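Sequence order for the protein chains is A and B.
Residue numbering for the first sequence follows the working numbering, beginning at 1 and increasing consecutively.
Residue numbering for the second sequence follows the working numbering, beginning at 279 and increasing consecutively.
Worth flagging that the hints you see were computed from the coordinates, not collected in a lab.
Predicted, not measured: the structure shown is a model, and the values here were computed from it.
Treat the hints with care, as some may be off.
[To be verified] Just a few of them, taken from the derived set where beta-carbon distance is under 10 angstroms, the chain A residues facing chain B:
1) Asp-16
2) Phe-18
3) Lys-48
4) Leu-51
5) Trp-84
6) Ile-91
7) Val-95
8) Pro-114
9) Ile-115
10) Ile-119
11) Leu-122
[Unchecked claim] Capping the alpha-carbon separation at 30 angstroms, the derived lysine-lysine pairs in DSS-like fashion look like this:
12) A:Lys-58 x A:Lys-256
13) A:Lys-58 x B:Lys-356
14) A:Lys-90 x B:Lys-356
15) A:Lys-256 x A:Lys-274
16) B:Lys-350 x A:Lys-127
17) A:Lys-58 x B:Lys-352
18) A:Lys-97 x B:Lys-453
19) B:Lys-352 x B:Lys-284
20) A:Lys-199 x A:Lys-221
21) A:Lys-97 x B:Lys-384
22) A:Lys-141 x B:Lys-350
23) B:Lys-442 x A:Lys-141
24) A:Lys-102 x B:Lys-453
25) A:Lys-8 x B:Lys-352
[Stated by the list, open to error] Taking beta-carbon pairs under 10 angstroms as the criterion, some of the chain A residues facing chain B (in silico):
26) Lys-90
27) Asn-116
28) Ser-123
29) Gly-125
30) Phe-223
Glycine included, every Cβ here is placed at the ideal spot set by N, Cα and C.
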Amino acid sequence: MNKTIVIKNLVKRYDDNFALGEINLEIPSGIIIGLIGENGAGKTTLIKSILGILHYKKGEIAMNVLKEDIGIVLDNSFFPEVLWVVDIDKIMQGVYKNWDSKLFYNYLKDFNIPINSTIKKLSTGMKKKLEIATALAHQPKLLILDEPTSGLDPVVRSEILDIFLKFIEDEEHTILFSTHITSDLEHVADQIIFINDGKILLDMNRDEILDNYGIVKCSNKDFERLDTHDYIAYRKNKYNVEVLVNNKKNISKKYKDLVIDKITLEDLMILMIKGVKA
Amino acid sequence: MIGLIKKDLLFVKGISRLVLIFLLFLFIVIFAQDGFNFYYILPCIVFLVHFSTFSYDEFNNWDAYAISFPVKRKDIVKAKYLSGIIMMLFAFLVTVVILIGISIFKDMPIVDAIKSIVTTISIILVFESLMLPFIYKFGSEKGRIISIVGLFLVVALVGFILSKLNVFDNIGLMKFVMDFHYIIAPIGAIIIIVVSYFASRFIYERKEF
């Protein structure tokens, strides 16, 4: 599979001690990649480093796609709000060679975005959809979106995820998007990159995660029976223990009486961050 | 880059109501006060409007977004300078048109007036050029205060040096400056704008958003 972005040994340090890295990452083309992690984990830093908004001292980022072919939605970063929706079309004609006004207005129509409005007057959901329409209207090959669904209601969120799925129908198209709403990814993402405290904890195919990872909810007594190398992390609650395992099949063979629940990305994230590591 | 220039010009349209109120005020002042020197009013408004684009850009984190476009950082800075100059040319043309309009009703030395406008606009552009690198360095809020202080110091320093060199006592030179202010000022402005652009570019290339 072709690689859209290859990141090698990337390190980005801030004055306040937060550091991203070292990051080694390969973003394949033709799929949806979800970047998950807590607020402040480094998702935005990674995206901004990829886009050249931040400078990094160490490492390299190789882009196999021209900037002209990237569509971008950033978190809280867009046109000045006094501008009108139609102004975006006029401006972007002078920014992207491939800008397609007709396509832009089609998206506005599809997304029910009023044309005769200032950006300021749009609701949060409308504004986000406008940002996505703007990112799509020059027919990009790669979409990079930072928290495109945060702060939106479930209806708008599912609309946006549908837009992503439509975009990805073209097999050359790639989407990289960050979110802390992990349930969004369970519906659409092919690959999950889990980033925590500036480091990559997990970089895996979604189905592989859902097939292999699981949660064992058991009593303290049962928990003590488990070998430490059979699980990754655990969390003791008031009445039970939640144990994260990454080898569901073997565990169910070895401990026949234990029930292994399906994992959600949310459980995975919480247990990997908050749980006690084995 | 054309798109980025357009953005600042469309911004003026976005706040056009405010600009129109100012213009109305301008007309009232012109007709109420006979012989009032209004040359500097529109250029000053344009200066303030262009300056305020920085605050709006900052408020909406425009720069991070713009950097992700297929444009170079230096082009973002260049677009900002060009939009300021284009807006100032617009102010010049409108002021001249108003002037010609008035000259139909009143007898006035129109050539001298146009020379004054040229000098006024050049001085405003010099002021803005001296301030912009500070705005790029410190952001529009802090940068505004720092740049005004910096501007004051620069003007005081230049004045001090010139007086030490007895430039003001040189009657021949002073007469030359007075006679050709409308040529000297724009030439000086162009030099300062170019130097300022390179300083801002240097700062912007290293900045993170």
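Results of checking the hints against the structure:
1. Asp-16: Violated: closest Cβ of chain B sits about 13 angstroms from Asp-16 of chain A, beyond 10 angstroms.
2. Phe-18: 13 angstroms, violated
3. Lys-48: 7 angstroms, holds
4. Leu-51: 4 angstroms, holds
5. Trp-84: Because about 7 angstroms separates Trp-84 of chain A from the closest Cβ in chain B, which is inside the 10 angstroms limit, the hint holds.
6. Ile-91: 5 angstroms, holds
7. Val-95: Val-95 of chain A check passes; min Cβ-Cβ to chain B is 4 angstroms, inside 10 angstroms.
8. Pro-114: 16 angstroms, violated
9. Ile-115: 15 angstroms, violated
10. Ile-119: 8 angstroms, holds
11. Leu-122: 13 angstroms, violated
12. A:Lys-58 x A:Lys-256: 49 angstroms, violated
13. A:Lys-58 x B:Lys-356: With Cα atoms ~29 angstroms apart, Lys-58 of chain A and Lys-356 of chain B stay inside 30 angstroms; holds.
14. A:Lys-90 x B:Lys-356: Holds, at roughly 19 angstroms.
15. A:Lys-256 x A:Lys-274: Roughly 27 angstroms separates the two Cα atoms, so the pair holds.
16. B:Lys-350 x A:Lys-127: With Cα atoms ~26 angstroms apart, Lys-350 of chain B and Lys-127 of chain A stay inside 30 angstroms; holds.
17. A:Lys-58 x B:Lys-352: Roughly 23 angstroms between the alpha carbons, so the hint for Lys-58 of chain A and Lys-352 of chain B holds.
18. A:Lys-97 x B:Lys-453: 53 angstroms, violated
19. B:Lys-352 x B:Lys-284: 17 angstroms, holds
20. A:Lys-199 x A:Lys-221: This hinted pair is violated, its Cα atoms lying about 34 angstroms apart.
21. A:Lys-97 x B:Lys-384: 51 angstroms, violated
22. A:Lys-141 x B:Lys-350: Given that 30 angstroms is the threshold and the Cα spacing comes to 20 angstroms, the pair holds.
23. B:Lys-442 x A:Lys-141: With a Cα-Cα distance of about 64 angstroms, the restraint between Lys-442 of chain B and Lys-141 of chain A is violated, given a limit of 30 angstroms.
24. A:Lys-102 x B:Lys-453: 61 angstroms, violated
25. A:Lys-8 x B:Lys-352: 27 angstroms, holds
26. Lys-90: 6 angstroms, holds
27. Asn-116: 13 angstroms, violated
28. Ser-123: 16 angstroms, violated
29. Gly-125: 18 angstroms, violated
30. Phe-223: 47 angstroms, violated
Figure legend: structure checked against the earlier numbered hints; hints not met, in rising order: 1, 2, 8, 9, 11, 12, 18, 20, 21, 23, 24, 27, 28, 29, 30.
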